[in-house]
Amino acid sequence: MSNTAVVTIADATMDINVLYFASLADEANCQQETVTVQQSTSLIELYEQLCQKHRFSRPQSELRVAINDYFAKWTDAIADGDSVVFITPVAGG
Amino acid sequence: MSNTAVVTIADATMDINVLYFASLADEANCQQETVTVQQSTSLIELYEQLCQKHRFSRPQSELRVAINDYFAKWTDAIADGDSVVFITPVAGG
Amino acid sequence: MTDNVHSHSMTIKRSVDEVYKLAERDGFALLDTAINEDRLKNTLDDDSCGAFVCFEGRVRNHNNATSVERLTYYGYEDLALNQGRAIIEEAKKRFEITHAIAIHRIGALEIGDVAVWVGVVSAHRYPAFDACRWILDTIKADIPVWKQEYYENDASKWLSNNG
Amino acid sequence: MTDNVHSHSMTIKRSVDEVYKLAERDGFALLDTAINEDRLKNTLDDDSCGAFVCFEGRVRNHNNATSVERLTYYGYEDLALNQGRAIIEEAKKRFEITHAIAIHRIGALEIGDVAVWVGVVSAHRYPAFDACRWILDTIKADIPVWKQEYYENDASKWLSNNG
Numbered sequence: 006m007s008n009t010a011v012v013t014i015a016d017a018t019m020d021i022n023v024l025y026f027a028s029l030a031d032e033a034n035c036q037q038e039t040v041t042v043q044q045s046t047s048l049i050e051l052y053e054q055l056c057q058k059h060r061f062s063r064p065q066s067e068l069r070v071a072i073n074d075y076f077a078k079w080t081d082a083i084a085d086g087d088s089v090v091f092i093t094p095v096a097g098g
Numbered sequence: 006m007s008n009t010a011v012v013t014i015a016d017a018t019m020d021i022n023v024l025y026f027a028s029l030a031d032e033a034n035c036q037q038e039t040v041t042v043q044q045s046t047s048l049i050e051l052y053e054q055l056c057q058k059h060r061f062s063r064p065q066s067e068l069r070v071a072i073n074d075y076f077a078k079w080t081d082a083i084a085d086g087d088s089v090v091f092i093t094p095v096a097g098g
Numbered sequence: 040m041t042d043n044v045h046s047h048s049m050t051i052k053r054s055v056d057e058v059y060k061l062a063e064r065d066g067f068a069l070l071d072t073a074i075n076e077d078r079l080k081n082t083l084d085d086d087s088c089g090a091f092v093c094f095e096g097r098v099r100n101h102n103n104a105t106s107v108e109r110l111t112y113y114g115y116e117d118l119a120l121n122q123g124r125a126i127i128e129e130a131k132k133r134f135e136i137t138h139a140i141a142i143h144r145i146g147a148l149e150i151g152d153v154a155v156w157v158g159v160v161s162a163h164r165y166p167a168f169d170a171c172r173w174i175l176d177t178i179k180a181d182i183p184v185w186k187q188e189y190y191e192n193d194a195s196k197w198l199s200n201n202g
Numbered sequence: 040m041t042d043n044v045h046s047h048s049m050t051i052k053r054s055v056d057e058v059y060k061l062a063e064r065d066g067f068a069l070l071d072t073a074i075n076e077d078r079l080k081n082t083l084d085d086d087s088c089g090a091f092v093c094f095e096g097r098v099r100n101h102n103n104a105t106s107v108e109r110l111t112y113y114g115y116e117d118l119a120l121n122q123g124r125a126i127i128e129e130a131k132k133r134f135e136i137t138h139a140i141a142i143h144r145i146g147a148l149e150i151g152d153v154a155v156w157v158g159v160v161s162a163h164r165y166p167a168f169d170a171c172r173w174i175l176d177t178i179k180a181d182i183p184v185w186k187q188e189y190y191e192n193d194a195s196k197w198l199s200n201n202g
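Chains as they are written, first to last, in the working numbering: chain W, 6 to 98; chain B, 6 to 98; chain G, 40 to 202; chain F, 40 to 202.
Chain W with its partners taken away, still in its complex shape (with noise of 0.2 Å):
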């Protein structure tokens, strides 16, 4: 691989969907909202990023999250176009 190359890669970004339910919602004070993050982000690094954007009261430690519709693990890697939701403690029943 040339140089080139590797600068191309690290400068590339991945476009996520985001959306949010139950307090979240509240503290995003939105839905839904499509952010635009470096390829190489993790879902926890995303977290982390959104948190200081919405100022979360939860800590990553206390939620789940899900790709695109399944649940997943944090270690899972994401992908431009992906759609990715943090699962606060669920109260159904």
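Keep in mind the hints are simulated off the structure, nothing from the lab. The C-beta atom is built at its ideal place from N, Cα and C for all residues, glycine as well. Take the hints with a grain of salt, since some may be wrong.
Derived, one-sided and incomplete: chain F residues facing chain W with beta-carbon distance under 8 Å [unchecked claim]:
id, residue
1, Ser48
2, Tyr113
3, Leu118
4, Ile182
5, Val184
6, Leu198
7, Asn200
Let chain W serve as the given structure and place chains B, G and F on it in line with the hints.
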């Protein structure tokens, strides 16, 4: 107590109303009968006497017994006018 | 001919309305017609209860490998009512429940008919599950109800829950 | 204002008929109107099944010592459906059951309304009890549904099943 009195008690009888259900009704070929037995007759003795009469196939050890519409112990005493039912294994539900 | 010696145990002495009143008061009754599950459920409605658990025992089209055509339940009504009342009382002592109702049907039943219905309401879910199961098990063990299954070849036999 | 940011999670994308078809096919659905328990129960009818167990979770008039006026459930429909389908599949592997259906309601509910319904049919009774309870517990743990309770003084709060 005089000797005469003892003889009177020994001769005394009681009428027991016996109801039959399930296989016992089939074998007795009746729903109900009134039997006259010695006053001191126990529930086990009563079943033995009826077994001889009707040739019931269930041994007493497989049955429960009710007096006056409540489950009773085999050692409970019965009195004139009591209603007695021998209960074969139940099959509700 | 066998019908004759069992006629006293195929019908009950009470009217349908009396049966539902008894079920509401004592928590247990025998019935000789189709069980109205909605009527029983409505009787259990309670705004303080978050949990309702019910069990319906239905006539299956088979028992082990044998095909069942229909069956008949026979009951000793007066003992069943006394024992059923005691079972519901005991359930309310053992479990954190608000109310419970159970009804057993007797007489001739078809495949799919409900033979026994048990409903329990409670504030929280686990006591309702536990009590419903315990009441059903205890009914099967202690309520004087018997059944005869009829098979395709017209044979029938007395069944037992406890061997 | 808060209604605005939650509007996507208070209604579902499907018609009522589509919901019941989905419940029949996958065993799980979300619904934003009153649950028709009889319709679900009829879907589970099966002549080979002797046991039907159902659970209804209803809105209580209190939570701990606090008086509840009403509450609102919010759901993430697409994840709920995927997860619900997986829960019912898993229940059929774990327990000897024939079929199971669960529905969770979302939107504004009144005291006494059914929020969740779980029904299971099986040949024998214990697997139906065990599966019904397991499905309910797993729904409460894993289905993305949230609720806000409203109290007499008009305050409200987000609740959680797991602290």
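Using 8 Å as the Cβ threshold, decide whether isoleucine 182/F counts as touching chain W. 5 Å, holds
Hint serine 48/F vs chain W: min CB-CB distance below 8 Å? 5 Å, holds
Hint check: 8 Å Cβ-Cβ cutoff, asparagine 200/F to chain W: Given a least distance of 5 Å, the restraint on asparagine 200/F holds.
Tell me if leucine 198/F is really an interface residue toward chain W, meaning its C-beta lies closer than 8 Å to one of theirs. Status holds, d = 4 Å.
Once the shortest beta carbon distance from valine 184/F to chain W is found, is it less than 8 Å? 3 Å, holds
Can we keep the tyrosine 113/F interface hint, with Cβ of chain W closer than 8 Å? It holds, given that the least Cβ distance between tyrosine 113/F and chain W is near 6 Å, below 8 Å.
Close enough to count: is the Cβ of leucine 118/F nearer than 8 Å to one in chain W? 5 Å, holds
Of the numbered hints given earlier, the model fails none.
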